[in-house]
Structure formats: structure tokens, C-alpha cells
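Chemist: Below are the chains, spelled out letter by letter.
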Amino acid sequence: MRRTPLIGGTVVCAALALSLSACGGDDDGGSKGGAGAASLQGRGPITFVTGKDRSGYLQKQLDAWNTEHPKEQVRIIELPDEPNDQRQQMIQNATTRSDAYSVLNLDVVWTAEFAANRWLTQLPKDRIDLSKMLPATIATGQYRDKLYAVPSTSDAGMLYFRKDLLEKAGVAGPPKTYTEMWDACAKVKKLPEAKDADCFFTEVNKTESMTISAVEAIESAGGSIIGADGKPALNTPQAKQGVEFLVGAKKDHMPKEAVTLDTEGGRRYFQSGRLIFQRQWPYQYGLANSGDGSSKVAGRFAVAPLPGPNGPGVANLGGHNLAISAFAKNKATSLDFIRYLTGEQAQRANLLATSQAPTVAALYDDPEMVKKFPYLPVLKQAIAGARPRPVAVKYGDVTAAIQGEMYDAVTGKKPADQALTDLESKLQPLTAQ
Amino acid sequence: MTTTESAPAAGTAAARAPRGRARGDVQGTRRLAALLLSPTLLVLALVIGYPVLAGFRESLYSRGEGLDADGFVVEGDRFVGLGNYTAIFQGDRADAFWNAFSNTTFFTLTTVVLETVIGVAMALIMQQAFRGRALVRASILVPWAIPTAISGLLWRWIFQADGAANAVLRQEILWTADGFPAKTAVVIAEVWKTSPFIGLLVLAGLQMIPRDVYEAARVDGAGPVQQFFRITLPLVKPALLVAVLFRMLDVLRMFDLPAVLIGVNQKSVETLTMIAWFEASNLRYGSAAAYATVLFLYIALIAYLFVKLLGADIIGEARQKNRRPRAVRTPRGGRRAAA
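Protein chains in written order, with the UniProt record's numbering: chain A, 1 to 433; chain B, 1 to 339.
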């Protein structure tokens, strides 16, 4: 079943030990990991495993590939909508060492876990053109300085704000600091039409979104949850300042029901016109601007980079990467397919069809694209300064611990210091190596 | 499981053998019964016995704990004995376990009590002869027909901050945040969903009660309250006990309703199955299997106590009573394997 048979496991371990000692310390885009670059061979049909494709555009991109490569057809395997279910199915497939999945569409936070468990094939840096991509996105495909996945889409939080209300209240432009934001709110709230509006919203419900809000608040203050050395670094004034911002914002500036609102709930709240500032993903832009009557704020808002305590804040990096399963056949085809799907041409077509943020930097400055998606320059800026969520092999446990302690702090069950101390002691064993 | 299924069946077959024949014949019949039942036993062993044993074996192992120098997870299983079990009761894990344990027990107690009261009331209403009875019966059964995950979504919509519940109550209660209101929300949704189940089973029991018992009671001058407590309740008890037992076993392993309605990883509604699920989804299969085994033992204990305290053989007794309502005190006999 899930258990590796004793003999098979030993053989794999031995083979791995050999390949590891054989390739020592060289780092030429190499042959370390669950399966080395030497095994990036084999051509033929492959599968592309991804979450549900809502736009229906993916099949068209595959059709184009399939007509060009009749002997190396790609078939889509669609997984459930929920990210956790996708991860679950990919893990099941990997632990049974099945070759049913070739190319995997991974959420950026899964890279460490998948790479550390030897479920991914290490990719040769010299055979993939990463130079055109945004540097922040490339980092999400790496584990211990080796490349395991190629960024295909990106995402970062932005500050949505009510342009019409700010103008009417005489506020010059979007705020760069928290203080400016609260001041702007105070001015806007004097307007009769904004009397009942809430000032700000970022997600603080006990889900993955809480981790994202915490990372953004703490990184904006100059701290980090897990430091560069892989150890928790919460015992700092910066971390405390970040958490205190979240606690204060929730207490004084957010809707009462903030802890029950998810991403979509936040979007509905903004679209009903009851929010002045909101931290949200780019996907909201098109929906909030639609003129079909579902949004009361269409044409009345704009986006800006997130504010911070003393200047621009730090956004969190989302998005998806493409990787090759360590157990896949036809890895040479898989690599070509990844290069095709992450190439500038395919990303451009994908942006136009699905409005998913690309990873190729040039697309953000393309006048045609900017005309269609006016938020692109802001998004580029946000992604450039964005930081990933904590990189941890046991990410599931790490994020659960962050969610629990931050929720207690934000809802006032614990003082910020206490939550940080408790979180530090919970993360210690999870990140020990 | 297997023994309780086979023994009575074999006994029945033997009892049916013609009287006065040689002893060898009886044995032959027994052998035939065993032979005929063996495919069933084999299937049961495969689909129930093996997973239980494999799960227990898994709970004795642990893997993927540390990283090697290159950052790879150390492969292979490590035998840890009862380590996964002791870990459940230690440190941070112990808090989470006892929290989940008390949540599970709380949900079991509150929902089963409420369901029983409401279910019996529903059955009494459905039993009455009145115009539109069919419509009432059908509408009472609707909640039971809706899949749990869907009713979870439905209730989440009702309980959201600007939802129907707050509109009706004219309050601003954050039902779906982590806290006591979340517990209440789960209890309400669960009772709404499963009371019809108890109602249905009790209704079946009610219809087995002969009318003449009530006539006799009326002649003797018993009022409706007396009739209910002296006649209806004792006579419907076997059916009611089965319904309550089923509900208890079901609610002890509750997962989908709180997971959909409130979310996973929420302290106030986390149940034992949710912890096991969380462990499994973080690749600690050994630990997940240990939690599942602990839950399995807890459910077995509750079921055993319930059956011991409230009647030795619920199913057999029910049949006996329904056939001869006055012979309440003979719990043995007429034993048949009925599912």
C-alpha cells in the first residue's frame, strides 16, 4: 500500500546514495535528487496534471502543441478545485510511484515538500530560459538552490482603493504607509456617502489566507516568520510590530464580521461599496469592474502597491509552477512541454484568455496588455517586491500553527507577544533538521 | 463482527434440521452452513478485517521525520512501537487531542439528545391521521435526503454574518468564526439533518403497536400523557434504542458537517476524525492511524456500554417484542442475524 516494500526501498536508497556520492558537490544543473537530469530522457505521450481549468482555455493551448507534436501528445488530468485535494492526489500518486502523472501544476508553497520527498525531477537550469522571468517567481521553483519547477503563473496582493471617494475627500493619492491610510479613511468617512463604510480589509479568517496576511504584515515591518537560515525568527520587534498592525487593523478599521469573510466574501464586501481600502488578489479587478450590475464600484476604484509602516509594504507571492514527476516516463517531452507552456507566447495568450498573471516580465510592460489589464504595472511592482510564504518541508503543519496563533492574537484571545512566543516554540520542532 | 454473524445463522440452520435424525446429519447441515457462509466471511475478512489490522500495523510505524544533509527526507519506515499512541497524549498534541475528544463527546451528547426528543415528536405527528399527512411525512424527510456536504453549505449560507440566521434573530453573531457560536451552529445543522432519521425509525416502531392496547388503556381511564409514558414509550423503546445507537455511532465519527460549515483546523469544532485527517494530509500516516485506532476503540466502548446498559440484544429483543408485546422480559430466543 502506501508503505514502500522493504527490498524496493533499500534498492532505491542504495541507488540514490550512489548517485549522490557520485555527483558530489558540482552544481551544473545537475544530476542530483530523486532522479537526475541524466534521466531526462524518453519521448512520447505525457499527461499534464492540474487543478480545474475554469476558463476552458488550457485545452486550446494543448491542441496547438498536439498538432505540432503528433507523437508526443499531452493529455490533461484535471484534479478537484480545492488546492488541498490537488496536493493530496499528487502525493498519493507519488507515494505509489505511479507514472500516470508526468507534468505537475504545483502551488508555489508545495515546492519544498515535493522536492524534499524526492517526488520531483531536478531540472537543468541551462536548458530552461529563466532570464525573461521575474526573479521573485523563479525563487519559488527552487529548493536548496536547485531548480525543481518552472514558474508559469504568478500572483501578488495589491491594495484596492475607492478612487472616487478619495478624490472627493481631497486625498492626493493612494497611501504609502499605514498612517496615511488611516488618515485618508478619517477624511473619507466625513463624506455622507461613506459614513457607514469600513476602512480596510485583509483576510483574517482561520485559513491559508491568515498565513498570507501575517506574512505580509510581518515582512512589511521588516521581519520574517522563518529566517534565511530556515529557523523561526519571531522573537523580534519587527515581527511584533507586524502582528500588532493586524490586531489593530482588525480592532479599529475592519468590518465586525472580518473573521468570517473568506476571499470571495471580501470581494462581495468590496463590490457592495462598503470598503474604502482592501488587500486583494488581482483576480478581483475584472469582476469588480464588470458592468453587469453585480458590482456597485465598477469604474470607481484603482489599485496600488500595499502600504507598510514606513513606506511601501511587502506583498505575498502566489502562483503556480510546473514540475516533472520523479516517476514519470518521457521526461524529455515533459521538459519541452514545460518550456512551451511557460514561454512568452503561451503566457501572453494565457493572460489574454484567462487574465492569470504571467511570469514573463516583458508582458507587464506590453502596451496592448496594459490597455486590457490596467493593473499590470502595479502588479509587476508588487511581484518584484513580493516575498514567498515560509519555505518548509512540513508546510502543512507550519501554516496550521501560524493560522492558530495569529487567529488568537487577532481575535484578542492572546496578546501579540504571547502568540509570537507560542508560535516560535511550535515552529522550532517543525523546522528542525 | 464475523463471529456474531456466523454463530446465530449456523444455530438457526441447525435448529431447522428435522427432529429425530442421526447426529451426523446435524453436523452435515452445520458444515454446509459453514461452507455456504464462507464466501461472506472471506469478503468480510478482506474488506473489514484486513483494513483494521493494516491500520493498526501502520500505527506502529513512523516515517519521513528527518532531513538528510542535502535536504531530502530520510526514506524508509521506522518501527516506533506505541510511540504514535503515547505522542497523542503528550505536550501540544495532548491539548489538541483532549479538545477534539471533548468536542466529539459534546456533539454526541447534545445532538443525540435533541434528535431523540425531536425525532420522537416528529414520529408522533406523522403517526396521527389527518388531512395532508403524506405531505407532512415527505417534508419531514427532506433534510435526511440532502447530502451532508450540501446541507453544510446551505447552513453556512444561513449562518454567515449577513445571513438568514442573524436577520431573523436581529443579532450580529459570528457563527462561522472559531468559537462557541460555531459549536451551536454545528449542533443545529446536525439536529436538523438527522432528526428525521430517528423520526422514521420510531414511526416504524409506532406502527407495530397494536391499537387494542390503547383502547384498553382508554377504558381504564388513562390520559394521553399516561398513555405515552406507560404504553407508547416502553413499546417503541426497542426501535428507539436502535435508532439512537446508530446516531451515536454516526456522530462519533462526524467529519464533513463541521469541515464544510466551519472549516478544518478550527479548535471549537475539531473532532477526532478531523485530527486523523489532518495528520494523514501531512503525511504522518502512522500517527493518523493511531488517532483512527483510538477513535475506533472509543466508538466500540460507547457502543458496548450502550448495549450493555440498555438491553443485551437490541435487535433480537425488538423482534421478540413486536411479535408478542406482553413478553417484555424474555430477551433470549428468536435470535437471528439481522442487519
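In case anyone wonders, no lab produced these hints; they're calculated from the structure.
Glycine included, every Cβ here is placed at the ideal spot set by N, Cα and C.
There could be a bad hint or two in this list.
Claimed, not checked - Simulated restraints, written as ranges between beta carbons of each label pair:
#1 Pro83/A x Ile150/B: 49 to 59 Å
#2 Lys190/A x Glu172/B: 45 to 55 Å
#3 Arg93/B x Ala228/A: 41 to 51 Å
#4 Gln171/B x Asp196/A: 52 to 62 Å
#5 Pro192/A x Phe246/B: 53 to 63 Å
Claimed, not checked - Dumping the calculated BS3-like pairs for lysine-lysine here, alpha-carbon to alpha-carbon at most 25 Å:
#6 Lys251/A x Lys267/B
#7 Lys251/A x Lys237/B
#8 Lys183/B x Lys414/A
#9 Lys414/A x Lys267/B
#10 Lys256/A x Lys308/B
#11 Lys183/B x Lys256/A
#12 Lys168/A x Lys146/A
#13 Lys237/B x Lys426/A
#14 Lys308/B x Lys413/A
#15 Lys183/B x Lys413/A
#16 Lys380/A x Lys125/A
Chemist: Go through the numbered hints given earlier and state which of them the structure violates, listing their numbers in rising order.
Modeler: 1, 2, 3, 4, 7, 10, 12, 13, 14
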